[in-house]
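*Asks:* Once you've looked at the hints, go ahead and assemble the two chains, each given alone in its own frame, into the complex.
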Amino acid sequence: MTTTDSPAVTRHRPSALRKVLLAETRLFLRDPATAFFTLVLPLALLLILGSAIPAFRQPDPATGERVVDIHLPSTMIMLAVATAAFSAIPSVLATYRERGVLRRLSVTPVSPATLLGAQLLLNLATAALAAFLTILSGHLVLGSLPPAAPAWFVLAFVLGVSALFTLGLCVAALVPNGRAAGGAGALAMFPLLFFGGLWLPRQLMPEVLLRFSDFTPTGAFAQAMHDSWAGQAPQPLHLGVLVAWTLVAGAFAARAFRWE
Amino acid sequence: MEIIEITGLRKAYGGRAAVDGVSFTVREGEVFGVVGRNGAGKTTTIECLCGLRTPDGGTLTVTGLDPRTDRAEVRRRVGVQLQDCSLPDRLRVGEALDLYASFYDRPADWRSLLEEVGLGSKRDTPFAKLSGGQRQRLSIALALVGAPRVAVLDELTTGLDPLARRETWSLIEQVRRRGVTVVLVTHFMEEAERLCDRVAVIDRGRVTAVDTPAGLVARAGGGQRVRFRGGPGADEVLRALPEVTSLSREGDMVTVAGQDGVLLAVTTALAACQIVPAELQSERATLDDAFLALTGRPAADPA
Ligand SMILES: Nc1ncnc2c1ncn2[C@@H]1O[C@H](COP(=O)(O)OP(=O)(O)O)[C@@H](O)[C@H]1O
Ligand SMILES: [Mg+2]
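Order-wise, the sequence lines are chains F and D. Residues in the first sequence are numbered consecutively from 1, following this note's numbering. Residues in the second sequence are numbered consecutively from 1, following this note's numbering.
Okay, chain D solo, but in the shape it has when bound (with noise of 0.2 Å):
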């Protein structure tokens, strides 16, 4: 049995469907994404995962718990980091951690915690005087507090620096080490493709495609990027190389497509044809392109 199942999920906030048929399942001890661009459903999906909202159709269990009926034990064994949720200005870090455990049967240590997340400085700090990314990790303890077999954190990133935000990625890899299944919601492809086993594609309400990162980038094509600077010469050579799948001209920028091994032909048949290509670099495709080739623009933009 999966941690996690949800099937035919569906969500329609005064007759507009937010979710619209999503299914997927989550293994016990994976960290599984959820991305999809502002508005396709991630949050409302995951508030009917912890029994926040009451779904209007489908089926789902958490732990093998139905949320709808066990609200009370889905509490217990999902710990939840919600979006635009924050403490009171003046309550204290260690405070609000020392509250937090007291709402839990078996609550973990939440002195041990604190250092784990890197906040063994700010044990006294109010809420109010914290940083974007000090609060988001206090976030996440919160949300480790009560010892849960799920962790489920929305839009953990959205909003930091990019030094917070991979200081925040590695605390994720630290709950994943920890034996937690992690439900990682975010409109970040980078974040999702760092840190996520297995990622849900979700689009205007629906799902896309489940898969690994790697997976998912190779459904959409997959493979390798090269770029160089360098005269037309050798166009149409390159073109003809069975492993490119595409080249673009841009006055003398050229960028090839193809499938892993491209960089090697290319640079072969260019050295072939005597020419010397400038500024050369090769890029794999990420999943920002999977997630573009899946559900037709960029992350970026809202739904």
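Next up, chain F with everything else stripped away, as it sits in the complex (with noise of 0.2 Å):
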């Protein structure tokens, strides 16, 4: 990241980060919006769909999988990560910037990128919360079992939420304001939802149409997170595209952001 005409000044303070993450902790919770699209809403339709459509309890002929096991939590934990990637993200270091609080920082000790580390941290804490609370009631209400390769799901995961957040962080690179982050926001976040099997579930995508998902970061995100819940190492492929998104993508952040 850098400034217009100045590179950021970083100076080893674990206690700053500490405050400045409880300070955006306290702000975050402060506004239910943001932890009721995030936390909440994946959750609820996760319950809903799953209680009230009959057929994503019947079992596939083929496979013997129903919806509400893998395919219905995963896409909600995908649906939390994109909200934190493409809504909270960048509306909230869009309004930062619009009204100089980076800036304000810039001439602190502490260097404005400990605020954009902080939200990171912050966000990432809520997906982990929202992905482990979808699969947690999951469990309890829908009878669903827990990704069955915990330690390739965490991976997955954690790639997953690296592409999403980098590409968030594009997002609140180019916007001008928050209000226009919420716009741009929903923009990137429907199509790559679309390719991430939110309405058309990977399965049933026709075959070009798979490949293609294949390169989105939603569509590996989706399928490596499947993968792992079925028990398998997700494909080397979707990995790839997950670290290649978040270095393409974080790459263009770094160059783009501005602190003002």
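Heads up, a few of these hints could be off.
Label pairs and their in silico Cβ distance ranges [said to hold, decoys possible]:
1. G57(D) - A125(F): 42 to 48 Å
2. F212(F) - G21(D): 54 to 60 Å
3. D161(D) - A125(F): 41 to 47 Å
Just some of the chain F residues that point at chain D, by a computed CB distance under 8 Å [as the list claims (entries may be wrong)]:
4. S15
5. A16
6. L21
7. A23
8. R30
9. R99
10. G100
11. V101
12. R104
13. S106
14. P109
15. L210
16. D214
17. R255
Not the full set, but computed from the structure, chain F residues with beta-carbon under 8 Å of chain D [to be verified]:
18. K19
19. V20
20. D31
21. R103
22. T108
23. V110
24. L124
Read the hints as simulated data drawn from the structure, not as lab findings. Note that CB positions come from ideal geometry on N, CA and C, so glycine has one too.
*Replies:* Dropping the structure here:
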């Protein structure tokens, strides 16, 4: 990340990061809308759709797998991560930039990068909590099992979060203010959720669409979660796609992001 | 050694010079004003000073350090209140101070600072609920919470109502008493005249003059103005007085300008002519008048 014409000063200061993280967490908890969309909505959708639609609880004749077993909970986790990435992160960062919060920080010994780091950590924690609650309540209410290959699942989750969050940073870098961030975030999020199988599960996608979806961050994320949930190692293709998106989006965000 | 030394500072945005050879020095413990109309280059100058922008040319040191190379240390020693910077809406006053205090190795006690700026009862108030004056006072407290040697305050009272402005002024007097060197950026001449020991007048990216407010007023002709209503009978007599430099008349309203003592000379001469002046008033020339004389236009005009 760079300022307009002066590189950020980063001084090792654990107590400042802790304080900033604490403050950002408080602010997050005081803003019920963000907490609702990342934590409550995906969970509610899981439980409502899973209980209300009987077909979601019918085993697939070919695989024996029910929609509520893997597809529905993993898609809701993707929704939670995407909401944090494309709604929460860009709007908070763009608002902070627009209102000079980042500029104000850059004249203290603490770099505004600390605030950015705190936001990413906070959203990572939120997404992880959403994932945990989704897995837990899916298990308790819908009888779905937790991911069968937990280590692979954690890896898929971390890489998916990295890819989507860095894309969220690109949105934050490109929009002029907090209000524009909401619209631009949605514009990026909904097509990606489509390729991730939110409306049309990847298993039902036509071949061409499925190939394309493999190379989108959400398609790769969804499939890697699905595979590890079912107990298999994710395909190297999907992990590689997530790493590639993280690198490309990260490089772009680092070049384009402005503190003011 | 002066606490701030700026020599030949230049900074251009996209080829257009915003600051074009600014030089001045600030002494330890003084309140130093940087005045000029909007767009004159004041903010750019102080942004270079606190290491937020890299100058295109010139030298500058703050407490002996170059903000370009010693940026981190300069940020510890200089507290800044920037124009157009705010805090997150839901952050509370006490939380903001506690947070900013944690950024410094040896911060001031933020609780007593909070009392000093008159926000003791607002500790749990979210930023969004503060009035403009309260926000500025919080902003001053944030600039001081790192116990800086220099505080830079940019357009502190712009947008404040007159009462809040006066309260903010008395706060600056307190800051001065703490021994902190203050650089006060403003386009209100009255503010600079009230608060500053010395003032640099910046016009179109250049320093026009550096002096005490009184010195600037004196340079620009200085003196006093006397106004009254009365007939034209004594005009020639008044014009002939050695203390009077000019006399102008609009209807029966007369304005006489001159050096100190002009008031006494005018009233004595009027008495001798047996003219009784109505609505007699005298006023000192202000920094506003001096600014006009030094730059050719009033400070309120945009650059
Ligand atoms: N970031 C910027 N990019 C381009 N031009 C700028 C920028 N900041 C200031 N300027 C221009 O530089 C000149 C000086 O601005 P500034 O230093 O903000 O003046 P002041 O603080 O005295 O009002 C103005 O003409 C302004 O439009
Ligand atoms: Mg300015």
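*Asks:* So, for every hint listed, does it hold in this structure?
*Replies:* So, going through the hints one by one against the coordinates:
For G57(D) and A125(F), the Cβ-Cβ distance of about 47 Å falls inside the hinted range of 42 to 48 Å, so the restraint holds. A beta carbon spacing of about 59 Å between F212(F) and G21(D) agrees with the range 54 to 60 Å that was offered as a hint. Taking the beta carbon of each, D161(D) and A125(F) are about 43 Å apart, inside 41 to 47 Å as hinted. With 8 Å as the threshold, the beta carbon of S15(F) comes within range of chain D, its nearest partner Cβ sitting at about 6 Å, so the hint holds.
The interface hint given for A16(F) is met, as the beta carbon of that residue sits about 5 Å from the closest beta carbon of chain D, less than 8 Å. Checking L21(F) against chain D: minimum C-beta separation of about 11 Å lies over 8 Å; hint violated. Because the smallest distance between the Cβ of A23(F) and any Cβ of chain D comes to about 5 Å, under 8 Å, the interface hint for this residue holds. The interface hint given for R30(F) is met, as the beta carbon of that residue sits about 4 Å from the closest beta carbon of chain D, less than 8 Å.
Annotation: interface hint on R99(F) holds; nearest CB of chain D at approximately 5 Å, less than 8 Å. Contact between G100(F) and chain D, as hinted, is supported at the beta carbon level, the nearest pair being about 3 Å apart and thus within 8 Å. At a threshold of 8 Å, the smallest CB-CB gap from V101(F) to chain D is about 6 Å, leaving the interface hint in force. The criterion of a C-beta within 8 Å of any C-beta in chain D is met by R104(F), whose closest approach is roughly 4 Å, and the hint holds.
For S106(F), the shortest C-beta to C-beta distance to chain D is roughly 6 Å, which falls under 8 Å, so the interface hint holds. Given the 8 Å rule on beta carbons, the hint for P109(F) holds: about 5 Å separates it from the nearest Cβ of chain D. Because the closest C-beta pair between L210(F) and chain D is about 43 Å apart, greater than 8 Å, the hint is violated. Given the 8 Å rule on beta carbons, the hint for D214(F) is violated: about 40 Å separates it from the nearest Cβ of chain D.
Nearest Cβ of chain D to the Cβ of R255(F): about 18 Å, over the 8 Å cut. The hint is violated. Satisfaction of the interface hint for K19(F) is found here, the shortest Cβ-Cβ separation to chain D being roughly 4 Å, below the 8 Å cut-off. For the restraint placing V20(F) at the interface with chain D, the shortest Cβ-Cβ distance is roughly 7 Å, inside the 8 Å limit, so the hint holds. The interface hint given for D31(F) is met, as the beta carbon of that residue sits about 7 Å from the closest beta carbon of chain D, less than 8 Å.
For R103(F), the shortest C-beta to C-beta distance to chain D is roughly 6 Å, which falls under 8 Å, so the interface hint holds. At a threshold of 8 Å, the smallest CB-CB gap from T108(F) to chain D is about 5 Å, leaving the interface hint in force. Because the beta carbon of V110(F) sits about 4 Å from the nearest beta carbon in chain D, less than 8 Å, this interface hint is met. Checking L124(F) against chain D: minimum C-beta separation of about 20 Å lies over 8 Å; hint violated.
When the structure is compared with the earlier hints, violations turn up for hints 6, 15, 16, 17 and 24 and for no others.
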